[in-house]
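Here the structure of chain V is known, so what remains is to put chain X in place on it, guided by the hints.
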Amino acid sequence: MNKISPAFPAFPASPTVASRSFRRVSKPFFCLALLLLLSIYLLPMRLLAEERIVVDLARYDVPISTGFSGAELLLFGASPGEGDILIKVSGPAQNYLVMRKQRFAGLWMSGERVRVLGAPAFFHVLSSGRNGDNWLSSFESSRMDFSIKDLYVDIVGADGQLGSSAERQQFRDAFVRSQRDLLLYGESRNSIERLGNNLFRANLSLPAGLPTGTYIVETFLVNEGKLLSAQSTPLFVRRSGSAALVFDFAERYSFLYGLCAVLLALAAGFLANRLFVWR
Amino acid sequence: MNIYLPIAEISVNIFVLLGLGLGVGVLSGIFGVGGGFLMTPMLIFLGIPPAIAVGTEANQILASSTSGVLGHWRRGGVDIKMGSLLMAGGLFGSSLGVLFFTLLKNIGQIDFFIRVVYVLLLFSVSSMMLAEGYIEYRRGRLLSKAGTSAPRPKKKKRRNWTKLLPFKTRFRTSRLYISALLPLAIGSVVGVLAAMLGIGGGFVMIPAMIYILRMPPHTVTGTSLFQIIFVTANATFLQAGINHAVDIVLALLLVLGGVVGAQLGVRWGSRIDAVQFRLLLALIVLSVCFGLLWELVVSPNELFSITGMR
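Listed in order, the protein sequences are those of chains V and X. Residue 194 in the working numbering is what sits at position 194 of the first sequence, and the numbering runs on without skipping anything. Residue 203 in the working numbering is what sits at position 203 of the second sequence, and the numbering runs on without skipping anything.
The shape of chain X in the complex, shown without the other chains:
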């Protein structure tokens, strides 16, 4: 059964869209990732124009982050002060991202740009996950051999350049005393990425929060989701207003599949071997990355591409 998407102006099988939402939803339920970095390339593979895939993904991530943040909010896992600074940076960054997106669209390089940045991002994410998974796997083996807890790898103590920045403030929820410039800068960078790539940016934001801001684990996910809501709301609003790139019908179908999938994922996630599954996810991400790279490198069958102009 096909459904005509009014903004994307193509007719796609409804079950493929629901299934895609479900599949990415399951993964995000198991691993706690937003899944935008998988969904957008998949939509492009389906034939949705890249610009509309990006704009619509921002809308879908807004819905899934809203449902996710409420639980963290009740548990006190949202550092509002930190979140607001990240958000301020994020709003600036995502507006800049939409403008940059429009510019690249006008000079005809947006498709190329999206693909190249995705290849780089997916490659770095999957290789980090593979490395981490391998270390955990090794530790698990040692653990079962020795019968006692294996020693964690020692953290290197380094002089932290972040301590030298001005405008230091206290973040009570996260028990931190750092410069306000740091969350502003991180928020801006992730905001640009979010607006241009159709991602929430959680998989860039969370490592940055842990390794650069050194936030405690219990506030990381909630605060990240909190600021993602504002950034994706801004990106959705601007992408719809300036680029006409948000398809509500497509977004709702993806949300429907995604919500059910995420619940299944959360349930299954507690039962399966997390380490092996993380390796599996890394391989999935890596294969999407190589799929995109393949299209960039191999001589195309059709050298020409045609788009309608308004």
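Looking at chain V on its own, in the form it has when it is part of the complex:
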């Protein structure tokens, strides 16, 4: 399972080297360089400021506790102007084993096996789709991974060999079908509600079997097939409460967990005998 680990790169801090090189540079040259740097940073920012899309989530983490049976994720934001909105929610990359059943002596048993590597455990695309599907398809074709159809997954045979492309497509289709059935993959057009005043809102239902890990919510503003603005926000899905406790314990100290399971069952058996048999 994917553990949530904040991926902050550690910058090597070396103040002495920086200050030495600072002294070496002449003052006017330094001021010029600073001005140039500032203008590079600030100019496009000022230009983009009016065009930026802003989105926020009602919550940044989805706790999966013992009573979890799915959740609703509310996204809201403001788009700076004309255009259509596309929201992509993708879960952590995971590996899967896809097996095809095969008839053997009249019985169905598992036959060919294929590994699907690095597929997102969760993938949903919402779009405002104001102008029908045309704008979306033209936008999708320009970039990868904006629809399930274009989603890139690595498919490898069990023995490390790649089958024919038609075979691979079959396994890929089966994988996507299964993920769709589990409500882990989905595309919904026309699902972003415009509230006027450039505000928008969208609702995404998360199924009961939600995989844990770090999700990324990406929002895009598209006009006439061109990407105007984008923003991404993380979303953390993690086990919480006793469910997290039990899972972590079972995962990290599996033999100690087994011992606990044995002792617990023995205690339950003794207790049951006390309560009922000797009354």
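Derived by calculation from the structure, the hints in this document are not laboratory data. Only a predicted model underlies this, so the values are computations on that prediction, with no experimental measurement involved. Ideal Cβ positions, reconstructed from N, Cα and C, are used throughout, including at glycine. A hint or two may mislead.
Anything over 10 Å on all C-beta distances counts as not near chain V; from chain X, calculated [claimed, not checked]:
{"no.": "1", "residue": "THR102"}
{"no.": "2", "residue": "SER124"}
{"no.": "3", "residue": "ILE135"}
{"no.": "4", "residue": "ALA251"}
{"no.": "5", "residue": "ILE272"}
Just a few of them, taken from the derived set where beta-carbon distance is under 10 Å, the chain X residues facing chain V [as the list claims (entries may be wrong)]:
{"no.": "6", "residue": "THR221"}
{"no.": "7", "residue": "ASP247"}
{"no.": "8", "residue": "VAL260"}
{"no.": "9", "residue": "LEU281"}
{"no.": "10", "residue": "ALA282"}
{"no.": "11", "residue": "LEU303"}
{"no.": "12", "residue": "THR307"}
Then chain X, alone, in the frame of chain V:
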């Protein structure tokens, strides 16, 4: 009301689980069977992954056997020497079973294997119960007609091959003088089954004890339960440690339902017609068997199955 099972990683209705525990508990209370052979297929039908159904069932049977063995212990119905030999075989067998389970899981055939062996086991158990029930039913009819006790069918006297085995020892509680290899072998075979199928193995062990070891009836159930405790404890420990296949939350819910159900079953069991009820149980077992067989034989709607890899 749904509950999220932390190891099985699915969310199941809590009342369905309690009801399942209760139902199988009632049956085990009435008939004195462990019920693992019914519970594991039911859990698989519910959508619990077969591997976790098997591992968790071992844990549940451990609890129910513990509560059951105490009564037999007090009545002196446990042959400790015989039980220890069966246990020694059982520990060996169940460890072998868990390793075999891991192997089959790794080559992706564990699901198929569990289903096929269950179909075979359930079919043989239900047909034996049907035959036995039918004979008793016939005898009951004769009894009520004649008004006297009907003659029991005569036992065939055969030369017993088990007498020829070496390492004979005396079992005082069971008043037997047989080879120590026999309980070791029987324990091993049942241990393999127990670890791989999520059963206690009582319904295989008890006929073996009666027909092969020829143990007296008063020590059979207690001794069987005694060794089941050690075998399922070993299976639970190894399944949790190696295969991460034991869900404590699921096991506790099943135990809760099962304990209450078993008490109800014991109370009802004395009041109902045992012969007719045994026929009913045989039919239940047979229908579970055909349910599993149906899934194996009929062309599936979805040819592909997907599992997440760690």
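(request) Of all the hints given earlier, name the ones this structure violates by number, lowest first. (result) Hints 4, 6, 9, 10 contradicted; others consistent.
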